[in-house]
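**Q** Based on the provided sequences and hints, a complete structural model is requested.
Listed below are the residues making up each chain.
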Amino acid sequence: MPIYSAEHRRLMETFYPDHHQEYSEVLSSLGAFMEKELLPLSPRIDSGEVKMAGPRKALLKQGMCQIPFPEEYGGLGLPFSVYAAAIEMLGTAEASTCLSVEIHNAVAEGLDKFGTDAQKRAYLPKLLSGEFLASFTLTEPASGSDAGTMATTAEKRGGEYSINGSKMFITNAGEADLYLVFAETKKGPSCFIVEAPNPGMSFGEDLRKLGMRGSRTSEVVFSNCRVPEGNLVGEEGKGADYAKEILHSARIIVAALNVGIAQIAYEKSLAYARQRRAFGKTISEFQLIREKIADMKTEIDAARLLYFYASRIKESGGDYSSEASQAKVFSTEMSLRVCDSAIQIHGGYGYTTDEVHRHWRDARLLTIGEGTSEVLRMLIARRELAKLR
Amino acid sequence: MKIAVCVKHAVDETELKVDSGGNPQLKGAPTKMSTFDKNAVEEALRLKAAHQGEVVVVTVGTPEAKKTMKEALAMGADKGVLVSADPMAMDTRRTSELLAAALKKGGPYDVILCSEGSSDMYSGLVPPMLGELLGLPYVGYAKKIDVNGQSAKVERALEDSVEVVEAPLPLVVSVVSEINEPRYPTLIQIMQAGKKPMEDLTPEALLPGAGPPMPLVKGMKAQAMARKRVVFEGPPEETAKKLVDALAAEGVLPR
Chain P
148 MPIYSAEHRR LMETFYPDHH QEYSEVLSSL GAFMEKELLP LSPRIDSGEV KMAGPRKALL
208 KQGMCQIPFP EEYGGLGLPF SVYAAAIEML GTAEASTCLS VEIHNAVAEG LDKFGTDAQK
268 RAYLPKLLSG EFLASFTLTE PASGSDAGTM ATTAEKRGGE YSINGSKMFI TNAGEADLYL
328 VFAETKKGPS CFIVEAPNPG MSFGEDLRKL GMRGSRTSEV VFSNCRVPEG NLVGEEGKGA
388 DYAKEILHSA RIIVAALNVG IAQIAYEKSL AYARQRRAFG KTISEFQLIR EKIADMKTEI
448 DAARLLYFYA SRIKESGGDY SSEASQAKVF STEMSLRVCD SAIQIHGGYG YTTDEVHRHW
508 RDARLLTIGE GTSEVLRMLI ARRELAKLR
Chain V
781 MKIAVCVKHA VDETELKVDS GGNPQLKGAP TKMSTFDKNA VEEALRLKAA HQGEVVVVTV
841 GTPEAKKTMK EALAMGADKG VLVSADPMAM DTRRTSELLA AALKKGGPYD VILCSEGSSD
901 MYSGLVPPML GELLGLPYVG YAKKIDVNGQ SAKVERALED SVEVVEAPLP LVVSVVSEIN
961 EPRYPTLIQI MQAGKKPMED LTPEALLPGA GPPMPLVKGM KAQAMARKRV VFEGPPEETA
1021 KKLVDALAAE GVLPR
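Residue numbers (the working numbering), protein chains in the order written: chain P, 148 to 536; chain V, 781 to 1035.
Think of the hints as simulated: they come from the structure by calculation, not from any bench.
Hints are not guaranteed to be accurate.
In silico EDC-like links for lysine to aspartate or glutamate, alpha-carbon gap of 16 Å or less [unchecked claim]:
#, chain 1, residue 1, chain 2, residue 2
1, P, 183, V, 961
2, V, 847, P, 169
3, P, 334, P, 302
The model shown is predicted, which means the values in this text are computed figures rather than measured ones.
**A** See below:
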C-alpha cells in the first residue's frame, strides 16, 4: 500500500473539497520520496547501522518542513492539516526521523509565532530549507511536565544573557544548529535562541532508548552560555506561555506520528495474517484475528480523524488545546494497542523480530514525551469541568 | 537545444486489481505518470542542463493527464502540450500520429525522447512509429545519450549486449530505466508547476479529416503463470549441476 494512501486522499477530498487535488499532489510526491528513500532504511536506522542525518537532510530539502509556513520565509503556505498528514506518512516510513523532524518544526513554529521580524528573517528560511536543524530544550533533569520548577537561569549582563543549567531528554541534541532554550530570568521563564556551536553549551552521551533509536537524545549543559540580548524570543517572562502554545500544536503532530506508526504495524499484521497458516487455513480466517484487524483499523481511523479535527480548529484560529490533548492521548495509547496486537498476530515472530516489535518500541515514547497522558487527561478534564461553572 | 519528451498518464500498475475472471479492473484504478517516462523526463532535463535550451512535455490523454504533465513540469520541464484524447480508446498508430502532429506543430525539436514502453500497455510501438512518421532516425533502448554538436552517441541496452550507435540530430530516442535515477520534484517545484505554460490541442485540429482510430480488440486478461515446482534432491554439487542443466534447457541462461 502506498504511504500516501486512498484513505488520505479521501480525507483531503472531504476536508478540502476545493483544494484537495493540489494537497494530494504535494502529499503523494512526498509519500513517494519517503517510500523510496526512508522506508527501506528504517530497520537499519533502528539497528544503528545507518545514521538518520543524511536521509533527514534530504527530506528537509524536499520541503517537508515548508508546508505550513508563510511563503515570505520560504514556506508553502499550506494548511496545518496537510503538514500533519505528511507527519503521519513520515511516522509510517521512519518514526525516529519523524520525531526529529517534528521537534525541528515545533521550533520553527515557535519562532514564526513569537520571534521578532529579525529573528524570523534570520532563521526561518534556514530552518525550512533544512540548512539548519533545530532542537527544543525545555525539560530538565528534575522538571518535566511541571515547568514551574525550572532551574536553568538566564542572567542579563550588559547586552548579553548568560544561561546556566542543564536540560534533559533533548531530541536532536548535539546535532542541531539552533536550540530554543527556556530559562528563568528575573521576570520568569523566558525563551532564547542559542546557535551552535557555543563554547558555553555542551552535550551528554547519546541516551540508549527503548525505541526511536535513530534520533539522538541527550542532556544539554549550559555553563555561562552567552547569547546576545537580541536572541531573546518575544518578551522576558512569557516563556511558559510560548512553551505551552508550541506544545499544544506539537501534540496534534505527535498524534499524527502515532497514527503513522500504528498504520505500518497494522499493514504488516494484515499481510502476515493473510499468509500465515494454521489448522489448514490462513489465520486471517479466524474470527479472533478478524476482531483484532477490525479493532486496529477502526482505532487508527478514529485517531486520524481526531488529529484532523484538532488541526482544522487550529487552522480556523480557534482554541484547540483540549482537542489536541485528546488527539494525543487517544492516538498514542491507540498506537500501543495496535502495535501490541501486531506482535500478538505475528506470534513468536512478533516478539523476536525487530521488524514487528520496533513499532511498539517507537510508539512507547509518546504517552510520555510532549505531555504525559496523565497530565493531558488533567487538562482535558479541567477544561470540561470549567464548562459547568 | 529544443527537447521534447512524450509521456503517458497511465494506470498505476502497482495498484491494479484483477477480478475473479482474470480481467484487470481499469475503471477507477489509480493513475500516475507511466513509470519509465520519468526516466525520459529526467534525461531531457539532464540534456538541457548540459546544452541549455527548452524541454517540452507532450502527451495524448484525458484531462486527468494534466496530473502527469504537472509532475513533469515540477521535475523541471518548461512547457506542457496536452492532446485531448483517450489513448486507451485508440490504437498506437493513432496515438503516434497525434503525437507526431503535435511535435511538428511545436517543433522543430533536436531530440525527441520517449521511454521504451508505457507501464500499462507496454507495446513499445510509439517511439519507432514517431521516427517513421516524422522521418527522423530512431534509436531504441538507450542507456546513455551523449549529444555532441549535431549528432548523438547512444548506448543501446540490448538483451545480452550493449550496442553503441551514432545518429544525426534531430532524432527520436527511447530510453530504458537504467539510464538514470529520476529526480523528485521538491514541494515548492510542485506548487509552482501549475504556473508553467500548458497548451491544449485537439485531435480535430491536429489531424483534420482523419477517420476513426483502428478498433481495439476488446478484453484483456492477466497472464496466468503456473510454477513448475521442480525440486532437485541430492548433494549440492549434483543438484547445482542439475539446476544449471534444467535452466539451460529452459533457455533462461545467457548465451
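**Q** Hints broken by the structure, by number, lowest first?
**A** none
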